[in-house]
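Student: Protein sequence lines, in the order shown, are assigned to chains Y and X. Under the working numbering, the first sequence has 59 at position 59, and the numbering climbs by one with no breaks. Under the working numbering, the second sequence has 280 at position 280, and the numbering climbs by one with no breaks.
Check before you lean on any hint, since a few could be wrong.
[Stated by the list, open to error] Computed list of lysine-lysine pairs in DSBU-like fashion (alpha-carbon distance at most 30 Å, straight line): (1) Y:K308 with X:K186; (2) X:K105 with Y:K289; (3) Y:K267 with X:K308; (4) X:K293 with Y:K106; (5) X:K71 with Y:K289.
It is worth saying that the hints were derived from the structure and are not from the lab. None of the values given here were measured: they were computed from a predicted structure.
Protein chains: 2
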Amino acid sequence: MVYSRLDVKKVRRYIEDIFQKRGFTETESKDITDVLLMADLYGIESHGIHRMIRYHAAIEEGSIDLNAHPKLVCETPISAVFDAHKTMGQIVSKMGMNLAIEKAKKCGFGIVVMRGASHYGIAGYYAKMAAEQDMIGICMTNTEAIAIPTYGKKAMLGTSPIALCMPADPIDFWFDAATTVVTRGKLEVYGKKEAPLPQGWAADETGADCADASRVLQNIIGKLGGGIFPLGGCSEESGSHKGYGLGIIVELFTAILAGGTTSPHVKNGGNADCSFCFMALDYGICGDKAEIKANMSTLLRELRESPKADGHDRIYTHGEKEMESMRDKLENGIPVNDKTIAELRAIGAQLGLDYDDYFAQ
Amino acid sequence: MVYSRLDVKKVRRYIEDIFQKRGFTETESKDITDVLLMADLYGIESHGIHRMIRYHAAIEEGSIDLNAHPKLVCETPISAVFDAHKTMGQIVSKMGMNLAIEKAKKCGFGIVVMRGASHYGIAGYYAKMAAEQDMIGICMTNTEAIAIPTYGKKAMLGTSPIALCMPADPIDFWFDAATTVVTRGKLEVYGKKEAPLPQGWAADETGADCADASRVLQNIIGKLGGGIFPLGGCSEESGSHKGYGLGIIVELFTAILAGGTTSPHVKNGGNADCSFCFMALDYGICGDKAEIKANMSTLLRELRESPKADGHDRIYTHGEKEMESMRDKLENGIPVNDKTIAELRAIGAQLGLDYDDYFAQ
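Given the sequences, and given the hints that come with them, work out the whole structure.
Tutor: And the structure:
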């Protein structure tokens with residue numbers, strides 16, 4: 001695959017215009033684009049504009065509904081439950097986290113859960129929204145089942161990401177990780193390279209460790225059994241039951257609290273019928289915010305400055321790599337592969353936008 | 001090591017009497033004993049009466065202070081921060097979780113954090129307290145540093161356990177796990193057996209994977225470098241950065257929010273100067289409790305009933321093994337090793353209690 005670097009501002013304008021042409025308002029289009037581009041800027045290509053084709057298809061087939069509105073199911077001063085009603089994941093999610101933040105400003109804590117939603121991009125975007133308001137932000141989503149329970153052979157849980165962002169200097173602590181060993185995207189990369197999967201990543205249809213990425217992916221697509229192992233790998237010896245348990249916790253805070261569809265029953269595709277959880281905690285309820293933030297910054301600095309293992313020259317804290325990636329991409333452009341560029345060109349053409357008008361020098 | 005099965009009621013009476021002889025009230029003695037015995041009943045020997053000798057030593061040397069009282073540092077309707085002032089960990093922790101539950105009854109959510117505390121036993125005990133009030137309970141603690149950051153070689157984080165309990169039928173979801181691959185206790189077992197450590201468990205003083213348990217333990221004790229790997233093992237390929245990040249999250253919710261000592265600076269021994277976090281969430285804020293609990297029960301049942309990997313005949317959900325262990329121990333007694341029995345006998349003798357009076361047939 002060939003990659004070209006595309007200027008961030010140009011990409012932003014093109015993607016926003018696509019969503020406006022689709023019928024989203026200017027604000028909605030900016031919001032959706034901002035979520036997608038944060039993934040590309042942070043170096044998480046799998047969750048960025050690479051997914052435009054999926055959103056496009058979902059809107060075309062009506063599984064994302066532009067005319068629907070999320071419905072408030074129940075509410076307390078610290079909480080709210082919504083049925084997202086097939087609305088665009090990013091729009092309803094920004095609303096959800098903003099409401100959690102508003103509740104946290106009044107009560108110290110806010111939790112908003114949603115069911116019936118379509119994919120929302122990266123969980124870390126919404127966690128960061130709370131950190132930008134000087135709060136701890138937490139976000140989780142369930143997804144279609146792709147992970148097998150410890151000693152199982154059928155995918156029953158999603159990748160179950162947990163994102164948490166806490167303000168710190170000079171760089172926020174920004175954690176966004178699947179509670180599986182890897183995500184599907186990693187398997188796809190190995191499949192394309194025809195490289196053997198590392199041990200402890202994925203299981204074949206018998207539940208045994210499997211190095212053949214294509215076989216695992218075909219089994220997942222065909223629902224023939226097998227899937228990705230929980231964080232901790234294939235056995236209790238390496239802690240598989242811990243990642244498996246964290247996956248159940250994500251399911252609890254999303255589908256179970258929101259009254260939504262649990263991962264074994266979530267459909268693939270555009271409107272995946274996912275459930276989300278957004279939490280904001282104003283850490284000022286625990287004392288002086290400047291002091292708490294300074295203590296967090298000290299801990300992170302001590303970790304970064306602690307002695308390195310032989311053969312390694314750096315210890316990262318979470319969010320550092322993403323900040324470095326963003327600086328690079330803002331300066332040098334976002335790397336986009338030729339397949340994605342072709343897709344973007346076709347989507348634009350269908351909506352009366354000429355890709356070359358945007359990206360010509 | 002030789003194990004004897006001791007009757008639970010007899011053990012309970014003996015341990016309670018020891019704590020009363022030490023100067024704790026009857027209620028305090030019952031509370032401490034209940035926490036310790038839950039570990040033994042659940043099959044977590046390392047955190048049960050096996051630790052009596054450590055508590056004994058800590059009280060003797062004054063690093064646990066029977067005459068001190070926890071001090072409320074600040075409070076809101078949903079939160080409280082305490083300085084535990086060297087009080088006995090179990091007593092102050094039960095108070096902490098009860099306060100979080102009380103706040104959750106009024107507001108839907110409660111969070112209580114504590115600093116300056118001594119070891120409190122198993123985190124899962126306190127999470128279960130909330131579940132017994134039909135709430136989600138969460139509990140975390142930092143500890144002395146024993147885990148190295150990904151690509152580090154100095155222990156900087158604790159084992160950073162996260163416990164979460166959610167009511168379900170027929171068995172609650174009860175999750176209590178270190179966010180490291182294993183705990184120190186596991187290394188000690190391998191050290192005693194002189195068995196090689198599995199790959200990805202622990203690092204030597206250079207930060208490299210090390211199979212020699214005794215060497216790792218000696219390094220930890222001597223603070224010579226190395227330690228246990230985060231959940232996910234020794235490299236980013238297997239997800240080490242995820243366990244490492246979860247460890248930072250535990251540090252955030254304990255030492256950072258409580259204004260306490262972070263793991264790199266926590267001392268070993270009786271009064272470890274730990275920080276705790278207790279959270280209770282009344283899941284009724286998200287809808288009908290019976291329905292939510294039923295959905296959780298269904299998810300857990302579907303996981304247990306899902307197809308088993310070839311060569312395995314059972315998939316557990318978290319809490320099942322512990323319930324089975326408890327049934328066995330209530331019927332057949334708690335297995336206690338001869339070294340622990342000798343310690344218990346000596347502690348009793350020092351306080352004027354005759355072990356044989358309690359355990360004679």
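Student: Which hint numbers does the structure go against, in order from smallest to largest?
Tutor: none
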